[in-house]
Every structure is written in C-alpha cells, then in structure tokens.
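Protein sequences, first through last, are from chains C and A.
Just so we're aligned, residue 1 is where the first sequence starts under the working numbering, counting upward by one.
Just so we're aligned, residue 1 is where the second sequence starts under the working numbering, counting upward by one.
Some hints could be false.
[Claimed, not checked] Heads up, simulated DSS-like pairs for lysine-lysine below, C-alpha to C-alpha not over 30 Å straight-line: (1) C:Lys187 <-> A:Lys344; (2) A:Lys165 <-> A:Lys712; (3) A:Lys130 <-> C:Lys130; (4) A:Lys187 <-> C:Lys374; (5) A:Lys187 <-> C:Lys344; (6) C:Lys118 <-> C:Lys75; (7) C:Lys375 <-> C:Lys305; (8) C:Lys619 <-> C:Lys710; (9) A:Lys187 <-> A:Lys62; (10) C:Lys375 <-> A:Lys165; (11) C:Lys187 <-> A:Lys375; (12) C:Lys305 <-> C:Lys278; (13) A:Lys62 <-> C:Lys305; (14) A:Lys271 <-> A:Lys344.
[As the list claims (entries may be wrong)] Which stretches of chain A does chain C cover? Using the computed rule of at least three CB atoms under 8 Å from a CB of chain C, they are: (15) 136-145; (16) 185-192; (17) 199-213; (18) 394-403; (19) 693-700.
These aren't lab readings, by the way, just hints derived from the structure by calculation.
The beta-carbon is built from N, C-alpha and C at its ideal position, and this holds for glycine as well.
Number of protein chains: 2
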Amino acid sequence: MMNRFQRGDKVSLIHEKLNTNKNNFKTYSMKILLMVILLAGEIAQAQPVRLRWEQVASGVWKAKIGEAQSFDLLKAGGAIPRMASLKTLGERAFPPEQTACYAEMQTGKIYLRLPLQKNEQIFGLGLNFKTIQQRGEVLTLHMDHYGGTDNGRTHAPVPFYVSDKGYGVFVNSAQYITVYAGTGVRKDSPNPPLVFNRNTDSGWEAQPYSDAVEILVPGNGTEVYVFAGNNTMEVVQRFNLFCGGGVLPPKWGLGFTQRVPTLSTEDSVRKEVEEFAKNKFPLDFIGLEPGWQSKSYPCTFEWDKTRFPNPATFVREMLDKGIRLNLWLNPYLSPSSPLYEQMKPLSGSHTVWNGLVPDINLPAAVNLYRDLFKKEHIDIGISGYKIDEVDGYDNWLWPDIATFPSGISGEQMRQVFGLEMQKLTNSWFRENNRRTYGLARASNAGGVSLPYVIYDDYYDHRDFITAMCNSSFIGVLWTPEVRASATSEEWLRRIQTVCFSPMAMINAWADGTKPWSYPDVAQQVNEAAMLRMQLFPYVYTTFAEYYFEGKPPVRAMNLIEGFSVDSSVITASLNSTNNPYAVALREDCKDQFMLGDNLLVAPLFAGEKKRKVIFPRGKWYDFYSGKFAGNGEVIEIEPGLDRIPLYVRDGGIIPMIPSVLHAPRTGEVLPLEIRYYGEATGNFALYDDDGETFNYEKGDFNWYQLRVIKDKKGNSKCIAGLPKGQKSMGQYGSVTWKYMSGQ
Amino acid sequence: MMNRFQRGDKVSLIHEKLNTNKNNFKTYSMKILLMVILLAGEIAQAQPVRLRWEQVASGVWKAKIGEAQSFDLLKAGGAIPRMASLKTLGERAFPPEQTACYAEMQTGKIYLRLPLQKNEQIFGLGLNFKTIQQRGEVLTLHMDHYGGTDNGRTHAPVPFYVSDKGYGVFVNSAQYITVYAGTGVRKDSPNPPLVFNRNTDSGWEAQPYSDAVEILVPGNGTEVYVFAGNNTMEVVQRFNLFCGGGVLPPKWGLGFTQRVPTLSTEDSVRKEVEEFAKNKFPLDFIGLEPGWQSKSYPCTFEWDKTRFPNPATFVREMLDKGIRLNLWLNPYLSPSSPLYEQMKPLSGSHTVWNGLVPDINLPAAVNLYRDLFKKEHIDIGISGYKIDEVDGYDNWLWPDIATFPSGISGEQMRQVFGLEMQKLTNSWFRENNRRTYGLARASNAGGVSLPYVIYDDYYDHRDFITAMCNSSFIGVLWTPEVRASATSEEWLRRIQTVCFSPMAMINAWADGTKPWSYPDVAQQVNEAAMLRMQLFPYVYTTFAEYYFEGKPPVRAMNLIEGFSVDSSVITASLNSTNNPYAVALREDCKDQFMLGDNLLVAPLFAGEKKRKVIFPRGKWYDFYSGKFAGNGEVIEIEPGLDRIPLYVRDGGIIPMIPSVLHAPRTGEVLPLEIRYYGEATGNFALYDDDGETFNYEKGDFNWYQLRVIKDKKGNSKCIAGLPKGQKSMGQYGSVTWKYMSGQ
C-alpha cells in the first residue's frame, strides 16, 4: 500500500490534532515546534481523524479542525449566540448517527465526511431558487448573483444544512467551500451502492447511492457545528439562535414600500406620497435609488443637491407624514468623495466601477463611513439602506486575487462584504436606539439577527417563491419584490405573494410602475395589500418568534411537523397514478409555504387557474370563509383571480386589525379582531412592543395569551390573557373574537 | 499604511524567492530554516515581485514561482519540447510589454499579473464554444463537460492564451486556475479607466477598462511560460512545438468513421461494413460502443463473448477488409474484473459508477491496464480508443476531496486524467510501432502531440464550429461529430462540416443512423464525404505541418496573417451600416475557418441560405470553379444546399486524389491531380510517409515541392520537385496539374 500523503500534509494533520492556539503567533511557534518534532523522526500516520465534538450550547456541538481562524462567518456577522434562548429549547443528545464524522488535511485543504442515512433528506446549503432537497447535488458556496442554476453561487451561500433526521451541520468558514451532498462513493464505504451493467441492466443509475456528505474547505482550519433537534424546525431554531436569533423589524418595516425612479426629486417623491394617499394604498417607506447621490457607481454617499436641495428638511417633512426614506447604495467610494484620499490606503488593491473597496475590517475605514453615513443619513432621519452590488458578478467585483490591508483574502471579503455592511449600518442605527430594516443583495451565516432582506434582479415568480421557502432553512429573509409585469394577472399574482413575504415591496426604480398601474386588477391589488396590513399583529408576532425562538417567519413545508413526518413514511411506495400524495412529497414542495404557525400560503402564478395544495397532518380551513378544506391530504383548488389561497390549521388563531394605510405607530390604538378556526382548542401568544427601539432587548415588551378552550359542554371559550398588572393590550384597544365557522 | 499580509504568508513569499529545491524533503527543511530565520527577527516585506524570465528555447521563456511542483500539465502529458523545430522557427526577442509581470503569494495561493495593452485581443483559455475573444471574461479553467456557458468548465481547460500583440502565456499548473482576462482594475493602475457618473453620464460602462490579465493559481508553486512570435500563428506554433509538436495521425485516421449501436455484434458490424461498401460510402474505421465489453459503466475492458465470441479472429477479418476497430471505454474498473483486488490499493479513495479510479501515476496501476489492454485489444489489432467520461460532471466523477495513493490531489487528477489516459494508451501502440488515432472527452496542455480528438454530448452546430476555431489556439483537436438530425438539411450541413474537421465521424451509437439515412440528401452527403477523400493529400499534409511546424490543421481566422493585421487597423471606426468589414472583425469571427494554409471553409447551418464570408487580405477564389470571389473584404453568398463554400487563396495549390472509399494504404499508388488557383505564384510542400508507423520520427518521410512560377513571358509554369535520388512521388503515381481558371 502506498503512502497517500505528501510530506507537507503530515504537518498540518498533526497540527490539527494538537491545535489549541488562540492567536496567530502561538500558532506559528507551534508549527515550528511541530516541524522540529517531525524532523526528529516522530512521523505520524496521516489518516482521516474522527471529529471530536465539544458541546457549546444546549443541543449545539463544535469540532475544531486545523488552525484556528482569525476570521469566520460568525465573526463577520458579529453573531452572539443567544444562550438563554437556546437553553429554553432544551437539552438534546448528540445525534447518534453523526458521531462518525471524519476530517483529513490534504495539500492545505480540509476534507470533511459526514454520514447520511438511507432516505435521509437534507435542506439548505445556500439560497437556492429551484430545488428544496439538496441530497445528490454538488454546490460550491460562492457569493454571487443568482445565475439561473442551483450550483452554490447565490446571494446567501450559507454553509448550513438541516436533515430530516433531526440535526443540522454548519461549517463556519468564510471561504468557497464545496459540498458534495451525497454524491461521492468511497471504495471503502460500509454502505456501498448496488453494481449494475449499464449495457443490459435497467436498474443502472447515473448517480449511484452515496452514504455521506463530503465537504472541501479550501483552507487550513475551520469549525464545524452540529445542531440537534427533534425535528427540522427545532434544528433551524438552534442554528438561528446560535447565530444571534432572528430579526425583529421595526413595525413600519412590515408595512408597504415603494422604490421610486432613479432620478426622483424632492418634488416627485412628495407627489408619489400624495398619490399613494389619494389611491388609499398603504405606504410606510419610500426607497430612493442611485440618483439621490451626487455621483454613484461609484458612490459619494452625499446628496445630489439639484434633486434634493434640503435633505434634512425633506426627510423631516416626510417623517411628519409618516413616510420613511430608504437609501440605495453600493459601498464603493467615488474618486469625487472628499474621503477618497483617506480611504485609499484603507481599501483593497482593486477598485469596483472605479470606486475604492473599503476594508471594513479596519476600524479606521469603518469610522470614515460611519461618520459620513451618520451625518448625511442616519442622524437626519433616514430609516435604512438598500445595499446593492455586494454579491457578484465576477466581472464587476474585485477579483479573488485582490488583497486587503487587514489581511483578509479577496475570497473571504467576497463571502462577507454584504454581511459586514449589514452589521455596520445596523450598529449605527443602534447607536441611536432606532431599529432599521432594509435590503441587501448579499448575506451569509452570522447575519440571522441583521435587519436586512435579500433581493435580486432575477425575476422568475415561481423561483422567487422557492427562494422564500429555502430562505427559511438558512437564517435569511428574502423578498419576491414586484416589478413591472407582462400582464395585469401577473402583476396581481406577484403582489399577492409579496404581501406574504418579509418585505412588501414594489421596485419601480426603472419603470415607475404604481400599485394601481394595472387598472383592471387595481381593486384586487389594493385588497391584497390591505390584507397584509390587517394581518399586522399576526405578522409582527411571527417575527417576534424569529427573535425569541429562532422560528423563521416564512417557513418551507419541510419545516412543518406534520409534513415532514408523513413524507418519510409514504415515499416508500411511489405511484404517480394511485398515490399522488407520495409523489407530491417526494418531489420538492416549493410553491407553498407557511407564514408563522397558523397560515398556509398557496400562491398562484400567471397563466394558472388551478393548483395543488398539500396539507400537513391535521385539519385545515379556508382563511377567508372558515370552511373545512382538507385533512393531511393533497387537494386541487381553482380559486379565481381575486384572492391568494390561504389556509389556517385546526385551532388556529389569527389576530387582525382594520385596514390601515400604515403600520401601527407609537401611541396609536387599534381595535383587534381575533379570528379562530376549526374544532380544536388553540392558543396564540400575541407579541407587542414599542415597534421602533431596541428596548425589547431589555424586557420592554408584552406577550398576550390568546386562547380558545372548551368548557365542560364542549363549547368554545375565548380568553385574551393580559400580563399581570396590565389593564389593556397595549396598542390594541377593543378585542373582538370571530369564530370562522364556515357557515 | 497597514500591513497587508498575515504572518503565515510571509513565509511563503520568502520561500518563493529563495526556492531552488528539487524534492519535497529539501523543501521541507528549507521551510523550517526560513521559519527560524523569521522568528529571529528577519521579517521580509511581502510585496508583489517581478517575474524573472529565463529563456528555455528559441522564443520561449519560463518564470518559476513558489515551490517546484512534482506534478504539472507538461509532465502529465509527457510533453517533450521539440527543441530543433523551435530553433527552426527562429530567435525572437522577449515581448517588451510583458517584462512587467508580477507575482505575489497570499494564503498559499499565487496571484499573477500580466499587462494588457489598449485594443489588445486575447484568444484561447480553454476550449470555448461561444466566444473567440476572451478579453473581459473571467474563466476558472476546470475540467468538465461543456455546460453551455464559456466559463472555463470545458473538455480542454488549457491555461494558455495568445495575444494579437505577438506573444502567448501558459501557466503550467494542473489546478483549477482562475483567469481574470482583463476585468480587474487596480487602484494603483498606471492606466486607469475613465470615471463616469452612472446617473447622468452615457459613457458609463458596467465593466471599466482593465490593463491586465490577472491569474489565481490555487497552489504554492507554478511555472509560467511566455512564447514570442511575429504573429498569433507563430506564437501558437511555439506553444505547440514546446508541448511536443502536433499529432500526425495514421492515414486511415483521416478517413471516415462510423460508431455503431451499443449492443452491436460481430454479425451486425459485418453487415454495417457491407452496407457501406454497397452504398459506396467511404469507411476506414468503426467504433464499438459500451456493449462490446462484458460489463461497462464500470468497465471490465474484456469482450462480451455473447456479442463478440472470437475477437481476435473478428478483428483480423475486419482488417483484411481494410476496416479498423476503435473501442469505447471509460477508465473505471468494474468489480467484476479479475484485476479488481490488485487495483484496489492502487486506486483513488472514491469510485465512479462503482468502478475503481486507478491512480495512473503509479507504474503498478499502469502496468495492470497495459497488460490487459495490450492482450485484449492492441495486440489483436484494435486501432484505438474512445476515452469517455474523463471530463465531468461533478455529480458523477470523484469529488475534489478524493485522495490518490501517489499523492496527486483529486483536483489535479480531474485536470489530467483524460490527458494521462491518452499518453498511456498512445505509448502502448507505440511499443508496436503503430500509430493510433482516437477520441477523448478530455485533454489539456501537454497533450498537443497525443493522437486524440475531443468530442462531447453538446450538439449545437454553430457552437461546434466555434469550438473547432478555438481548438486551434490551444493545441487540441476537436470534431463536430454528426448524430441524428432533425431534418435532412441539418444532416447534410453537419456532414459538410465534419468532413473538414480532424475526424470525419458519424456517431450512431444511440440511433443507428447511416450516412444515407436521409435519402433526399444522400447524394450530396456522399459527395461531401468523397471530397474529403479527394483532398486526402492536402489534409494529410496539413497534419504534417502540425507535427513539423506546430501549425494547427484547423485554424481560427485570428491566426491568419492578413486577417488579424487588418482587424486592429479597421476597428477604430465602427459603423455597422457603412463599414460592415470592421463590424465583422470587431465581432467574433467564429463560423468560418481555414483548413491548412490554402483552404477557407465557410459552412452553412440548417435554416440558413445566405452567409457572410470574411476574406483575409489578398485575393480569394472559389474552390469548385476557380472564380475570383473577393479581395480582403466581406462578401455575402447564397451557395445552395449541395456544397459547402470553400475558397482558395491566390496562388493556392491543392493536391488531390480520385474519389476513394478508404484512405491511401501502404503500397497503394494513386494518381495526383494538383489544382492551382489565381494569379500569383505559389508553392506547396506535399508530405508523405508510410502512414502507419512512427518511422517518420527517424526521417522516413518525404516532402515534395509543388510550385507554380512565372516564366519571362508571365506564363505559369508548374513544377513538382522530387527529393534527390527519387524518381516518383511515392504513393502518388501520375501527376496532373489543373489550373482552376474560373472560365
């Protein structure tokens, strides 16, 4: 038998075994020491080593491989594990099948091997747009715009996957890792695939069975985490909480937003706001696109005084009308900026559109941006940013051979630049104790707690919904933004879905489309938008669950308990004629999702009149009528154009407010209508706080317990529980219960 | 100014500067020594260092960067530079603009920077299918099937480019290098792009001007070569000769080949051969597909005795009829093979379709295959192989984390497995002093001299022709093989082009299509095939030029002198209405090509009746009629379905033989008709040898000088010059000159 390792590799491997260093210099001395030991004759056998797991939180374990890294995704995102919340989730045993994980070091890279069971499904591995199940795929997780193929190049190449066997794996590396998600077959596999002769055997498959996820980390060290859970949701919750917990947006962030044409002026924005009011269309914030800046692509971050002569006054005027402003930017500094010469030595070797790429790992670079952004935007009342062009594409951004003064590589910078811009801008709002909520074209693990929603230029409605499903596995938010559409039907269908997303946005920067631009569906568009506003108490609470419990607001069906459990049972006997349910589960379910615990959203797409809806185990009811719709089965519906199909689980409680033109504001009191559905008892914890500050982090919030119980005679009894000492439900005044009886 | 390097990186860089080691162990001790020096306080400033060029052949220079590599592309291909031929090309000065090349080492990788001039065009960088000019592209050169995008993933990811400024650059690395071919802009660039404000300036471009090619080599050492030349062709010649010189196929290799259905038997092959004879269609070799093996996917490499009960007898029988056999294989060893247990320790960690991946860098593994292949195939008269499935795709092949007992990485193995299989199989034929000629789905630099033609499953006719153009920049051969077509028009158009390619192949493995399967074009198909056979003396000579001079047989227009010179002049004033020539040159010219020095091929594609043809400087004549067609201009033609448009340059000489059903055989004597065209004098060196052995390498060949000169009265005089002491032109008997007067 040959020696399969080159001499240099042995060093790395031994090093990995002994590695306990915390800083570069110690690592460095240790390396020399090890080399001397090696020279003295102590040559170790380099073989794959079993990972040693160390518990780091309730249900969370870490293994270190190779050299400690000064930079990783959690550090880039500034993620602080929410230890108390993790504890609340409870202790779990280490997933027994995952004890046999191996790593080896080869030619300066790390090779990982993590077992897969038969019939195991895995989800996640970046923001994919076409597929939900990732087993059998090869993905190189590489920050980029989405190019039409699920190959790992995407706006959120998060190196995390969750298994339906109740665990998740996260590789905390800011490098382009390649994941062979159940493709490789080792010759020494204990579970080898069957062998066929392709010439004559029909059982031959192009991709034989593989019993492992294998991962290539192109670096000399990384951390791997395992998250346990009784189900996929619990695993995702642990991942999210470990990465800082979910975002709680300001209330206005969940209202409507319109992005106006790029060369808009104070006057045109004023007019836009008036038109929204006149058309009785909800509006909470307006997005200004590149032309608000004196120069952009690259950016000055300063106002264009011909279009916005008095920014502070104008922002104040808008705030007085209840309208916030969001500013587009890309973070590349124009040669016309007064900061240019100061930033030059603090920036990367390469420019982007002639703009400097500030090394935002250097405090000096950060401070230059901070002072400018605070003075020009944040301190005059700007509400947030749209951070553009931090994802790709290769021909535009800095090359991977770019160097940065902090020592971070071009590759690492690519993986986290958008994430770090999120972290920094958020921290500047936080200094003023004001929440922000904005858009970013790039995110990554470590950004779960950051108040940004991902978007892109790709504009396939179905794939946008699939992305929304997939966002729920990996701790990011995604908006299927609406732009001009080919038909009024498409416009309406897109509006209907964006209303059930983390940001209800129309992006009219290029075309100036208004919500009422398609007159034949203007009424239905308005109704869809109003429904989102009515659902505000429910939607805000789903985000509170994201923050407090790590449950994503939008959820793929594979995170829903009754759904995933059934799938593994029924897929054993596939038959597309006799057992459509099994087929539906075996195929990706990527065109429906849950918003919070109770609401199942089943959108339609232009050109379609019918669709299938898959209900998880239990009874489900039509949201609008309360009628029984199905019980753990697949139904076909033909819902008409006017409404997006919505279903509520048995015992589901949905708190609502009247149609309003803005999200609830501080001091505003609104009546609450609490709808409840089905036959089962139910309870719903309704969340509320001031909606604008970070005071909720210090306990300044309330949970109102809404319950439907049965009395001795079996009649429903509705209870709205107030916290001790409280006399009202805060922002919500009168309370009306409404049983959606289906009659 | 910050220190832009991490501590670990300094080691690499100093190491690079001092590197003179030849073996791993010395490298290793040196590393420790350097580390000790560093610790002692001698901290070097890590900055990009200028490459130091060392002349290694006439017009060829090398720079070493980082650690010496035990494995690279030239080694993998077994390339032996043809020093004498390089000398014949003459001495050239080092390209002056290329003296300012820089390298730096960062985090174990090499960053290269090579200057580009304004208006410079570059070609090559892998077998691309859609684009000719590569400036402005980002390509990660990664062995793979072609997936529909020119992104570096292709069957021949050759890291070589040629510039129209008269030089070429080759990175001799068997790793996935990324080339930023004029995209990156450094903040310290001496030639920065103009700055625009996108909001208001129409001159804004998404990709500003870049003054360099930048390359990321993901390893700790590599060699870079620069090739000089007075023009693109001379640069390519030097590259080809340095990589071993071009292939001289056996004569039969340039005849027709049919690949028969996968489960063919001795009887069905016999019948196929009879049918070809009956239909008077040329045929030199037949390709047997997977079913010739007892088991395949993975392979036993042994005959299926139910379909081929007596292989040796059958091969002999076919040879007696003048038909050779070529065997399909993929190099993955079936568990059913008697060699399996012996090969197991000599193979990679992962299997492909359950087959072992032999580490063919180990002599023991090679010998197992050699003995089997010689005994089962080569020694009984098999003529060659079709080496399949050595390119991609990621989900099927071994992952990059695969390890191999020789120490080669999975990545390196991926880049060269096809190349090494070519080298090995070729060497086994060479042991019998017999040339082979076959197909391989993967090649790379270092394989120029190997007798294999690349093919793939992608089936776009236009892109196939573009690939043929691009093959000429990078030292590979490509065939636009013909498979079943949607219409008889498409069938004919495809046949017409494959007849002007390195291998005239119909691939009927899946569908059994015959040349005459489309009766309404059967006659024209036959004529196209017969024309290739008639052109045999010309075609064989173009390959001899490949071997002796490094000139590729098929040539992109950008390699043709009068073409490239004009382009740089005329593109200055673009105007698509008034100056179509300039536009045509500014756009890629990718649908016409030269075959040898004299013949311009301008194919048509199904659905098209007209096309433009761009003539390089000088007069051009219609091949069929001899009529004047144009002079350094763009013409539009409407040539009809029957013939593929062909043009001959002024003074062009085309030696031809009669229509024959097989390539000229040893001892066969054929009359020669020498056509000549135009008004200028001309000369053509006609090559001949035994057509089967390697004796030409020992001088056993002849060049016959065919010349048309003018006498004092201006009349043409034709001379066929014989080498001293020879009385005839070898295989060619009677000689007839035919002036294609255009009358």
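Status of the hints after comparison with the structure:
This hinted pair checks out: Lys187 of chain C and Lys344 of chain A have alpha carbons roughly 8 Å apart, not beyond 30 Å. Restraint check for Lys165 of chain A and Lys712 of chain A: the C-alpha separation of about 40 Å exceeds 30 Å, so the hint is violated. Of the pairs offered as hints, the one joining Lys130 of chain A and Lys130 of chain C holds, with about 26 Å between alpha carbons and a cut-off of 30 Å not exceeded. Of the pairs offered as hints, the one joining Lys187 of chain A and Lys374 of chain C holds, with about 27 Å between alpha carbons and a cut-off of 30 Å not exceeded.
For the hint linking Lys187 of chain A to Lys344 of chain C, the alpha-carbon distance of about 8 Å falls within 30 Å, and the restraint holds. Of the supplied pair hints, the one linking Lys118 of chain C and Lys75 of chain C is violated, its CA atoms being roughly 35 Å apart against a limit of 30 Å. Among the hinted pairs, Lys375 of chain C with Lys305 of chain C is consistent with the structure: their alpha-carbon atoms are about 16 Å apart, no more than 30 Å. Between Lys619 of chain C and Lys710 of chain C the alpha-carbon distance is near 18 Å, which keeps this suggested pair within the 30 Å criterion.
Note on Lys187 of chain A and Lys62 of chain A: the hinted pairing holds, with a Cα-Cα distance of about 29 Å set against a maximum of 30 Å. Distance restraint check for Lys375 of chain C and Lys165 of chain A: the Cα-Cα separation of roughly 51 Å exceeds the 30 Å cut-off, and the hinted pair is therefore not satisfied. Note on Lys187 of chain C and Lys375 of chain A: the hinted pairing holds, with a Cα-Cα distance of about 27 Å set against a maximum of 30 Å. For a cut-off of 30 Å, the pair hint linking Lys305 of chain C to Lys278 of chain C stands: about 28 Å separates their Cα positions.
Between the alpha carbons of Lys62 of chain A and Lys305 of chain C the distance comes to roughly 56 Å, so the proposed pair goes past 30 Å and is violated. For the given pair, Lys271 of chain A sits about 40 Å from Lys344 of chain A by alpha-carbon distance, which is inconsistent with the 30 Å threshold. With 3 residues having a Cβ less than 8 Å from any Cβ of chain C, the region 136-145 of chain A passes the three-residue criterion, so the hint holds. Requiring three or more residues with a Cβ within less than 8 Å of a Cβ of chain C, the coverage given for the region 185-192 of chain A holds, as 5 such residues are present.
Counting residues of the region 199-213 of chain A whose beta-carbon sits less than 8 Å from any beta-carbon of chain C gives 5, enough to reach three: the coverage restraint holds. Coverage of the region 394-403 of chain A by chain C holds. Counting CB-CB distances below 8 Å, 9 residues qualify, and the rule asks for three or more. Residues of the region 693-700 of chain A lying with their CB closer than 8 Å to a CB of chain C number 0, which falls below the three-residue condition for coverage.
In this structure, the earlier hints numbered 2, 6, 10, 13, 14, 19 are contradicted, and the remaining ones agree with it.
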